[in-house]
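A.B. asks: Please model the entire structure based on the sequences and the hints provided.
Next come the chains, spelled out residue by residue.
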Amino acid sequence: MNTLRKVSRRRFLQLTGFTAGGLVLGARVPGPGALAGVLDEATGSALNIFVSVRADGIVEIVAHRSEMGTGIRTGLPQIVADEMEADWQRVKVIQAQANPAYGSQNTDGSRSVRDFYLVMRQMGAAARTLLETAAADTWGVPAAQCRAREHVVHGPGGQTLGFGELAARAAKLPMPDTATLRMKAEADFRYVGQSLPIVDLDAMLAGEAVYGIDVQLPDMLYASIERSPWLQGKIESLESDAALAMAGVVDVVTLEAADGAPGFNPIEGVAVLAENNWSALRGRDALKLRWSASAHSEHSATQYLDGLAALVESGPGEVRRERGDVSAALERAEQMVRATYRTPYLAHASMEPPVATARVAAGSCEIWACTQTPQATRKAVAEALGLDVDAVVVHVTLLGGGFGRKSKPDFAVEAARLSSRAGRPVQVVWSREDDIRHDYFHACSAQHFQGALDAQGQVTAWLAREAAPPIGATFDPSVQMNSEGGLSQTFASVPFAVPNLRIESHPAPAHVRIGWLRSVYNIPYAFGVGSFVDELAHAAGRDPIAFWLDLLGEDRRLDFAGEGFNYSNYGRSLEDFPYDTARLAGVIRTLAERVPWKQSLPAGQGWGFSAANSFLSNMAVASKVEVRDGQLRVLEMHGVLDAGRVINPDRVHAQMEGGMIFGLSLALNGEITFERGEAQQSNFHDYPIARMQQVPPVIKTHIMPSAAPPSGVGEPPTPPVAPSVANAVFAASGQRIRELPLGKHLDV
Amino acid sequence: MKLTVNGTQREVDCEPDMPLLWALRDLLQLRGTKYGCGKGLCGACTVHLDGQARRSCQVTVADASGGAITTIEGLSADGQHPLQQAWREHNVPQCGYCQPGQIMAASALLAANPGASDDEIRSTMSGNLCRCGTYPRIHAAIKSAQYTNAAVEKAEDEA
Ligand code: FES
Ligand code: FES
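Read top to bottom, the protein sequences are chains X and A. The C-terminal position of the first sequence is numbered 748 in the working numbering, with every residue numbered one higher than the one before it. The C-terminal position of the second sequence is numbered 907 in the working numbering, with every residue numbered one higher than the one before it.
What the hints contain is simulated information worked out from the structure, not anything from laboratory work. This one's a predicted model, so the numbers in the text were calculated from it and none came from an experiment. Note that CB positions come from ideal geometry on N, CA and C, so glycine has one too. Please note that the accuracy of each hint is not assured.
As the list claims (entries may be wrong) - From the structure, some residues in chain A lie toward chain X, with a derived Cβ separation under 10 Å:
1. Cys762
2. Arg779
3. Ser824
4. Tyr895
Unchecked claim - If you want the footprint, here are the derived chain X segments under chain A, 3+ residues with CB under 8 Å:
5. 395–407
6. 447–456
7. 632–646
8. 730–737
To be verified - In silico BS3-like pairs for lysine-lysine, Cα to Cα no more than 27 Å straight-line:
9. X:Lys172 to X:Lys92
10. A:Lys891 to A:Lys902
11. A:Lys902 to X:Lys700
12. X:Lys172 to X:Lys234
13. X:Lys598 to X:Lys700
14. A:Lys787 to X:Lys744
15. X:Lys172 to X:Lys184
16. A:Lys787 to X:Lys288
17. A:Lys787 to A:Lys750
C.D. replies: Below, the structure is given as C-alpha cells:
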C-alpha cells in the first residue's frame, strides 16, 4: 500500500468507503434534495462512493473537488474512467456535495491530483473489479479470466456483458480489498496523459453552465450587504427608512459580528433584501450608516510598508534558518550587494464574485455556493445557525474563478443567517466593490537581502530578512510572525549551495484579513529572491542563467537538516516528494535551450529570467520586454514546468498560460492600498487586471515529460513571472525596480 | 415593459432604469449573461443590441426596449456558431465565467469587421476581462474563425 503514505491505512479506508475487511460502508452519499435541474446527483447503482453505473450503461463519476478553471472536474474522473475501462463518451460527471467521506475537498494548494491520483485509480480499479466479478458470477467462470475493456467485460469463451447490464449485480458484491486490487499497467493508459476536452465545455459556450450566481430558487430574495469599511468596525447608527421605501426592497437586516479573530466569520454589515439584484443595490445606496472606529481604522498601507521596510533594513530579526557564519562571510566579502524589495497587498478579483444561496428550513439548511471548501462551508454554516453538521447540505456549483478567495466561506454564512432571518431562500451577491474592498487580502511584504561575492564572483554569504503579515493572524490576531509553512514558500527554502546562509523574520501585525491567493507567499518571496539573484549575477558580471545554475550547486536532494528550519514541503514528506535540485536545474536548462536568451537585441529590449520551486513542482520563466520612453511592453513569455506525471496536458498548458498571465497581471498592475483602514480600490478601473493588450503576443509553454508522481500545477507557473519581468526591465533599460507593481515606475 | 430577446417578445415588470443585465438574469432567467463589475469595465455582461456589442450593465431596460437583444443563449440554436466552434477547437475556457461575454464581443466584432487585424482584435477584445488568462486562446480562436469564414466564402465564390 505505497499509496497510503500520507494518511494511515485505517484513515484512508474510512475516507474512501472501504473497510479493512473489504466491505463497503454506506456507499451512497446522503440524498441531496437538490433542486432538479440546478445540479445533478448520481442515480445509478453505486459501486463505491465515487462510481455508480446506470442500467443504460452511463457511468457516473463523482468529482469531489471544486471546478474553478483548472479542469479538475475532468482530470480526476478521467483517471477513474481510465482505470475502470469506462468509455469516456459514456461517463457523466457528478459534482459531490460536502461530505467528509470523500476525504479533503479543499480545492487549494495545487493538490487535487497530487493527493488523489492514486485514490482515483483505486476507485476505478475497485469498480472494474466488481464489474468483472459480476460477469464471472453470471457466466460461472473464474473472475481472473474476465477482463473489462472499453465499457464491456469479456469472458474466456468470448462472452461479453456491458457495464450497464452488470451494474445491479456488481453493486451487491462485497467490496474488494484495496490491497489486492489489480491496477492497470501505465503503458495501457487510455485517458491519463490525454488532452480530453473539459466536461463543461459545451455548457460554458452556450451560457448554460451553472455558477454560484446562477442559482435561482423559488421565492428567493437577493441580498446586497454594506459592510464595515475597516476591520472590526461596528454599526454605530443606521437609517433604513429610505431603503425600505424603495420598490422591490423587502427588508433591511443587520448582521452583527462578534469580536475576535476574523476567521471565516462575516464582516459586520447591513443587508438589503430585495426581489432582484437591482432593487437590493439601490436600496443599499439609500442606507445611511455610520461605523465605529476600531484598532484598525487608522491603517495606512504606505506607512505600514514603510515601517516594514525600515524594520528589515534596521537589523537582525528572529533567525529562522542558519548555516555557517553569515556575518563573518559578509565582512570578508570582496563585494557586498544589498537590496530591499517591497510588494503590495493584492485582491483575488475572480470574475465571478463570491455568491451563495441558502434555504433554511426548520432545523436544516441547504447551501448552493461557488466554494473551494465545501466541508468548511458546511461546518461554518452549521455553527452559525446552531445546527448539527448533518443538518446542512452544501451543493457545489461551478466557480467563476477562485484563486483562494472562495476557500473562505464567510459569504455562505451570510446567506444562511439571512435566510434564517427572512424565512425565505436568500442569495447573497457580492458586488465587485464588495469583493475588492472586503477581500481576504494577499499579504504585502518587505524583504531585505545581503549577499557576499568573493573574488571569483562566487556567493559566499546569503542573508535574507522579511516582514509580512501572516495568514495565521486571520485566525489568531496575536500571530505576527510568518509561519514555517509561509517561509517554506521560497524565502527560507532557497535551494542555494552557499556556505553561509541566514534567514530572518520580523513581526508584522495584521490590520486587514489576510488570506491565501494563487501561489501565496511565493509571490512576494520569489520576487525578492529572483530579483536578488539577478542583482548578484550582474554584480559578479555573470550570465544570470549560468549564475542560477551555479548557485544551485551539485544536484542533490535538500533535507534542510541541522539548519534550524522545519521545511513544510507543502504538507508532504520529503521521502514521497523530495526537493530535488536536479529537477529545478532541469527546467532552467530546458528553458535556456528553448529561448534565444543570448540573442543580441535592439536597444531598449532585454530578456529576464527567474525560476521557483513551489507546490512540489519546478517552473522557470523567461520574459522579453521593451522599455521605451518610460513605457514597458512585455513582448514574450516562455515557461517550462516539471510537475511530474501530467493527466491532461492541454489543461496543464492552460494553467501555465493562465498562471503566467496572473503573475504578469500582478507584476504590472496589482496593488491594494489602505488609508484610514479602508481599501482605496473598488473595481477594475483602479484595481486593473491584465487585459489582452497587456499580454504578450508570444506565450510559450513546455511541460517536462516525467513519470514522477504528479505535483502541483495550478499555482507554480505564477511565482517566477514578476522577477523575470523586473529582471528583463533591468536588462533592457538598466533600471532596477525593487517594488511591485512595476506600473508604479513605468507606464504599463 | 417589453423586450425582444433572442427573437421572442418578453414582458418585464420593473423600473425603467433597471440595467438590462439584471432584467435578463433576475427577471427573464437568462443567466448566461454574467455580472462582473456593473460599471462597464469587464465585458462579462456583453450582449448584442441591434447587432452591436453592448455592456448590458450599462443599458437600461427602457433603452433596450424596442431593440433586438441577442444573448449568448440566442447566439446559435445549437451551440455551433463559428466562434463557439472555434472556442471548442482551442479549448478556450478555464473557469468559463467570462466566456459568454467574450464570445458575444467577438461575434459582434467579426460581424462588423470579418477581416479584423490582430491589433483590431486585441484592442476590441481588451474590453473583456478574463481573470483566468485565456487571452492567447481567445485570440487564436478568433483567428481560426476568420480563416474558416474566409475559406467558406472562397468556396462559395468559386462554386
Ligand atoms: S458587468 Fe457589465 S461590463 Fe462588467
Ligand atoms: S475563463 Fe475564467 S474568467 Fe475567463
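A.B. asks: Work down the list of hints and note, for each, if the structure agrees.
C.D. replies: Hint check:
no.: 1; hint: Cys762; in the structure: holds (7 Å)
no.: 2; hint: Arg779; in the structure: holds (4 Å)
no.: 3; hint: Ser824; in the structure: holds (8 Å)
no.: 4; hint: Tyr895; in the structure: violated (17 Å)
no.: 5; hint: 395–407; in the structure: holds (count 6)
no.: 6; hint: 447–456; in the structure: violated (count 0)
no.: 7; hint: 632–646; in the structure: violated (count 0)
no.: 8; hint: 730–737; in the structure: violated (count 0)
no.: 9; hint: X:Lys172 to X:Lys92; in the structure: holds (22 Å)
no.: 10; hint: A:Lys891 to A:Lys902; in the structure: holds (16 Å)
no.: 11; hint: A:Lys902 to X:Lys700; in the structure: violated (32 Å)
no.: 12; hint: X:Lys172 to X:Lys234; in the structure: violated (58 Å)
no.: 13; hint: X:Lys598 to X:Lys700; in the structure: holds (18 Å)
no.: 14; hint: A:Lys787 to X:Lys744; in the structure: holds (24 Å)
no.: 15; hint: X:Lys172 to X:Lys184; in the structure: holds (24 Å)
no.: 16; hint: A:Lys787 to X:Lys288; in the structure: holds (23 Å)
no.: 17; hint: A:Lys787 to A:Lys750; in the structure: holds (24 Å)
When held up to the earlier numbered hints, the structure conflicts with 4, 6, 7, 8, 11, 12 and fits the remainder.
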